[in-house]
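Use the sequences and the hints to build the structure in full.
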Amino acid sequence: MMGRIGKKSLFRKYNPNDRKVVKESLEKVKMYEYRDRHIAELSGGQRQRVFIARALATEPKLLLLDEPVAGIDTTMQKEFYEILEELKSRVTIIMVTHDISAVSVYVDKVACLNQKLYYHGTKELKPEDLEEAYKCPVEMIAHGVPHRVLKAH
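Here the sequence shown is numbered in my numbering, starting from -3 and rising by one per residue.
Wrong hints could be hidden among the right ones.
[As the list claims (entries may be wrong)] Here are the computed distance ranges between Cβ atoms for each label pair:
hint, residue 1, residue 2, range
1, V92, Y28, 26 to 32 Å
2, P123, T71, 28 to 34 Å
3, A107, E37, 35 to 41 Å
4, I35, H94, 21 to 27 Å
5, E78, I35, 19 to 25 Å
6, R15, A36, 21 to 27 Å
7, E127, S85, 31 to 37 Å
8, R15, K57, 20 to 26 Å
[To be verified] Simulated crosslink set (EDC-like; lysine to aspartate or glutamate; CA at most 20 Å straight-line):
hint, residue 1, residue 2
9, K26, E82
10, K105, E128
11, K19, E55
12, K57, D14
13, K16, E29
14, K24, E75
15, K84, E20
16, K57, E81
17, K26, E55
18, K105, E124
19, K112, E128
20, K26, D14
21, K9, E20
22, K24, E81
23, K131, D95
24, K57, E23
25, K84, D62
26, K74, D95
It should be emphasised that the hints constitute simulated quantities derived from the structure, not laboratory data. C-beta: ideal position from N, C-alpha, C; glycine also.
Rendered as structure tokens:
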């Protein structure tokens, strides 16, 4: 219910609409069945989903995420990105990440930041794009999912 605090006035109780929005937010991130658990009982990936649900309960137009999959195992990362994939049709998502493989699969537009902003406008990055942004040679390696690897420099 924390995501609804900004939607109510001081000393006002949560109303049925607040409860409905919270339920829908938890369902969107597949965490409704865990609604009665203490946050300390949840895994890292489950906590991230709860944090996304809390943000969604505010009914935002923009969702800002800073390294949202840091510390989450690979399986949960994939599920987390799939949730974001579904959400991006309803809310603008801006995400900071060092996970370039996820960028290749799940995003629509890319901007790289290294002392200045390099906006690419597409998720299709060429090695030259990354070399310009990060001032070192890059080699692309694919194992079903495109990856970028910085060469020794």
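Supplied distance hint 21 to 27 Å, evaluated on CB atoms of R15 and A36: Holds, at about 23 Å.
Supplied distance hint 21 to 27 Å, evaluated on CB atoms of I35 and H94: At 25 Å between Cβs, range holds.
20 Å Cα cutoff - pair K26, E82: holds (12 Å)
31 to 37 Å as the expected CB spacing between S85 and E127, which holds or is violated: With a Cβ separation near 33 Å, E127 and S85 satisfy 31 to 37 Å, so the hint holds.
Status of the given 28 to 34 Å range, CB of T71 versus CB of P123: Holds: the Cβ-Cβ distance is about 29 Å, inside 28 to 34 Å.
Pairwise hint evaluation, E20 against K9, where the allowed Cα distance is 20 Å at most: At roughly 19 Å apart (the allowed maximum being 20 Å), E20 and K9 satisfy the hint.
Pair hint K105 and E124, alpha-carbon separation not exceeding 20 Å: holds (17 Å)
Straight-line alpha-carbon gap K112 to E128, limit 20 Å: holds (11 Å)
Distance restraint between K24 and E75, which requires alpha-carbon spacing of 20 Å or less: Within the cut-off at roughly 12 Å; holds.
V92 paired with Y28, Cβ distance criterion 26 to 32 Å: For V92 and Y28 the Cβ distance comes to about 28 Å; the hint holds.
Straight-line alpha-carbon gap K57 to D14, limit 20 Å: Given that 20 Å is the threshold and the Cα spacing comes to 18 Å, the pair holds.
Straight-line alpha-carbon gap K57 to E23, limit 20 Å: The hint holds at about 19 Å.
Violated hints are absent here; each numbered hint is respected by the structure.
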